[in-house]
Amino acid sequence: MTAFILRRLGVLGVILFGSSFILYNIAAISGDPTADLRLSTDPNRDFLIASLTRELQLDVPPPLRYFLWLKGVLGIFVGNPNFGMGRDGSAVVDSLALALPVTLRLVAAATLLAAILGIMIGIVTALRQYSRFDYSMTFIAFLLFSLPVFWVAVLLKEYLAISFNNFLREPQIPMRWIIGIGLISGLFWASVIGGSRKTFWTAFAVAFAASSSLVAIFGATGWLLNPSLGPIVVLLLSIGIAFGVTQLSVGLINKAALRASLTMAGLSVVAYYPVNWVFDNYPGSLSIFLMACVLITTAVFIGLAFSKIDRAPIVRTTIITAILSASLVIVDKYMQTWKPYMQTDAINYRPVPTVGQRNDLLDSSDFWISSLDVITHLFLPTLALTLIGFAGYIRFARGTLLEVLNQDYIRTARAKGLSERTVIMRHAFRNTMIPMATILVADFAGVVGGAFITESVFAWSGMGTLALQGIRSQDLNLLMGVFFITATMAVLANFVADLLYSALDPRIRVGSGA
Amino acid sequence: MARKSKASVESTEVLSGENAIQNKEIEGLSQGQIVRKRFFRHRAAVISLVTLIVIVIMAFTALDFRLFGIWRVPGWWRWTPEDLPELRFGDCPNDTVGCPTISFMPKFLGGHGIGLGRHPFGQDDIGRDFFALVMKGTQRSISVMVIIGSIGATLGVIVGSIAGFYRGRIDAILMRFVDFMITIPVIIIGSVIGYRYGNLGATFLALLLGLFAWTGLSRLVRGEFLSLREREFVDAARVAGATNKRIIFKHILPNAVGVIIVSVTLLLSGAILLETALSYIGFGVVPPDVSLGLLISQYQDSFTTRPWLFWYPGLFIISIALSINFIGDGLRDAFDPRQRRRISKKERQDSATAKKLAQAND
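Protein chains in written order, with our numbering: chain P, 1 to 514; chain Z, 1 to 362.
Keep in mind that the hints were calculated from the coordinates and are not lab data. Note that this is a predicted model, so its numbers are computed, not measured. We put the beta carbon where it would ideally sit given N, CA and C, even for glycine. Don't take every hint at face value.
[To be verified] Facing chain Z, from chain P, some residues (calculated, C-beta under 10 Å):
id, residue
1, 9
2, 11
3, 150
4, 180
5, 181
6, 483
[To be verified] Now the in silico label distances, taken between C-beta atoms and shown as ranges:
id, chain 1, residue 1, chain 2, residue 2, range
7, P, 492, Z, 167, 41 to 47 Å
8, P, 350, Z, 301, 15 to 21 Å
9, P, 361, Z, 54, 48 to 54 Å
10, P, 419, Z, 242, 55 to 61 Å
Excised from the complex, chain Z in its bound form:
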């Protein structure tokens, strides 16, 4: 107990020193540079960013795809989800078939050596390569997520800024509408839409789901606009003769961008969980298309015998959602002007010595 109060006294003493350290750091940097610098200091966020980029690149280059429907760009992976290679019999535990060949145990420890093998994630019941399937599912899930996210973000920002900026009757109408939409659980509306339009393809489904994903964001943006539009710089711009459009795009939006970006990341991680959940209960992406949630629901019955069919899609969902959540956390810290970094002991000592030296020089 005593320790704690002592620490707090200490922290007030060094506060001026900390401020000096923090101010020194951001001296002469633009807002973007400060945000970037703060973001790259958030270790978990940077690791997540790298992970996400690796997953995206891996998933989208692994398989063949058709550029504009004409040119076939070959992928680096040897199988496609349509290939039907022979099922791997033997040397699987518990007499199963098609087990994963990926191995991390080096040979000198009695393993098979580090390597991917022919079917790193194993094979499904008819022999399709599960790595190819998971990559295809990841592609689907990521593109659905991005579509839902971008439509939701665009609509949310537009509606929120109009409501917040113009206030009055427009605001009342729009926000009542948002109230209506927010009361409907997203899983219900997603299921209703997914059941009817899931067979029209993942892209179309994502477009429709995006139309219902903007409500939370629009409330947030509206709140931000309501407070920002009363600030002096907006008055100054108006006095200087700026049009409404200019004030919205040049003065208010850049100030609200932190809040928007952070909640868009939340929207994205929510979108991938929504898509996988809908596909799982059969109201999302439907076969023959592949998505991560669909893979899990198709193979959950074989969990006891061939657990890899269940593990790998789940692992990818979690990695994507987790990375996005951490990136969002990093961005929140980066955009928060009140955010204080912990000053390390060394920096504190350095600044104290510098102060002493300066005093000695005086």
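Isolated chain P (complex conformation):
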């Protein structure tokens, strides 16, 4: 195994070397950094050209200059990487260090969201193969595939951000919206649940009534201006989560699991006030992290306390319930922050921003307000990237699950009388997740490329903006720095995906043959 990993890392090094060599030469040949100086009428033009040539070592031909660049980059191994100087005289490393977290935040949020939504919808389409739901989701997936990301981004800016901000000034939800949202959610849930005509219409009616009355209540109570869940709603939702998670993971028939997760859901409400007290008095990532640790330990103990046999699945169920209901408490905290956030001078009741990755005018002393600011800024770009990205996940999850459902072991599982839930969740879903996990990792790197356009539409100062700036100003070092980071990430991600695949799928053995 170690030999395999070392060999693969060696290959990765060769690939990085080759691709950066190719790009360096292409970029060096296609752009002359002194071009704009040559055209200038500056009296000391020749001096400027000479100094730039000396600084960027332009007198060395590109294939050789590459090695000078490489020498600096290889300093990474001694902890002193040198990506060269940019045209503006600043070290490229510093610009990269500023830009990388911005892009990573965007890409991580978008990939995660796209994967979760895409896999869920893909699985439902596979289970309802050839239904109307399947056909309409397939159509939507193809439509999203074909959308240019810049076009979607501009649309989102216009309709979601500006119109929504205008709407928030006077949040009266008109009747046609209430009915429209109700119809859409009714159709969605009814087709997801499927079944006979009677079930379909019952589901439709329930979903329609529930969502349109919810929307109407939101509109009537001004909830959008001052949203909150409150302990009672948190409790109800947590109980719902406990039932849902138990049903999906071990089945409601497992009373021990149900009791454990219900207790966990109850606990999260008991903890509601103390936790909010901690949130208010000791805000910060550290206290959230510590509380998450406490939460998971509690969940493990509760799971162990309620179970006698078959402990692992029950503990797992309890942990999932705990995490979900604790996130409800955090969501509730953010909802309480919403009103003070909107009242700040920097926001002034226009909370959905269209440009930038943070609001510089905002007084960032309050942890909750400043992190809410980051979240609202993430909202539109993430949505744009997610919309484009999750089409692929729908198709892929659907295809994989259908393939798995055709396998013999699924037929065996059905034949020995396992419930449909066990067959789908235990046998089919887990095997679907093996290729999905590897795709997810590899996709994470691919989205970095896709984020270039999104960043430029939303004026984020991330890696994409740096790369475009590097190309526009013929800044070879800047461009190569961005490329080197993204390419390393892509190559490493593929490597991790391979390892993950072999770890998840016992049929694949690395190291023995390869």
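Fit chain Z to the known structure of chain P by using the hints.
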């Protein structure tokens, strides 16, 4: 739950019947005929094919163009992108100018009647007819797409088949090179090339971009060749004395053509999105030339006041890319030998009655 398992039992029972129906359908047909038949059964794919053909014909006949640079062939549309007709004032919503005159609302419903009007897609800020501009942009985008696609496909098939067929050192060298190229995000290399060579014209840009679009396809073709070259029919051909060239072109390629065609359609839809994205960020087609992405980037600021300048180019990009994706889906189904069509209830009943009748006759 019970419903589902019952259905699966049912489907195993009727499997032999389904096979019989499927086999009957393809009896006595050549491979091409089977593929064509399956393709035309895919409704979405056929609709997309028609849409794409209509868009292509519309875009390429709307404007004047010069045949071999000498003869001027007049287009059917009354304006060209260079014309500067008067801006339409008045009767536009919100006091804007140059709004679209296209209308689908019949007169008796209070609309302007179904018709195109003088400027169906409206006018831009200096009065140029936007329909003519969009048609010109569509022409550009489609030709860039076709050039990138054909160069990418040719190179990909050549490299992939050489690597897959000859294996060994050639394969290792070529595939390492592909590894190198695939690591470079296409948007970066496209921008680098586009920034430098975009002003040399769309065709030249497309040619260059095509040189970098073949890598994914070549990997796929190589994989296909590696598996096909081990099959018996290749051995048989070799024993019969066929040359390598003959084996590649007559025996292996026809068997790989399904995979190739499907991924070429993906390459095409990727190419149009790449071109429009590059033009949007200013590294693709540059003014005074027109492309769909360029139109969007030029007029996105006027979105709030004159949204049609933004909608129509986007609509054309989406229609083209969507049609190609659906055609690709149809082709994938058509070429897939394992593909099973859903047998309709009626057909199932028909075959059951036929079976019963046959038994009764016995």
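Results for each hint:
1. Hint on residue 9 of chain P is violated. Least Cβ distance to chain Z is approximately 14 Å, over the 10 Å limit.
2. With its C-beta approaching chain Z no nearer than about 8 Å, residue 11 of chain P sits inside the 10 Å limit, and its interface hint holds.
3. A hinted interface residue such as residue 150 of chain P counts as satisfied when its beta carbon comes closer than 10 Å to some beta carbon of chain Z; here the least separation is about 5 Å, so the hint holds.
4. The interface hint given for residue 180 of chain P is violated, since its Cβ lies 21 Å from the closest Cβ of chain Z, which is over the 10 Å cut-off.
5. Contact between residue 181 of chain P and chain Z, as hinted, is not supported at the beta carbon level, the nearest pair being about 24 Å apart and thus beyond 10 Å.
6. Contact between residue 483 of chain P and chain Z, as hinted, is supported at the beta carbon level, the nearest pair being about 6 Å apart and thus within 10 Å.
7. The hint said 41 to 47 Å for the Cβ distance between residue 492 of chain P and residue 167 of chain Z, and at roughly 29 Å that hint is violated.
8. Our hint of 15 to 21 Å for residue 350 of chain P and residue 301 of chain Z holds, since their Cβ atoms are close to 19 Å apart.
9. For residue 361 of chain P and residue 54 of chain Z, the Cβ-Cβ distance of about 51 Å falls inside the hinted range of 48 to 54 Å, so the restraint holds.
10. In this structure the supplied range 55 to 61 Å holds for residue 419 of chain P paired with residue 242 of chain Z, their Cβ-Cβ distance being about 57 Å.
The structure fails hints 1, 4, 5 and 7 (numbered hints given earlier, in ascending order).
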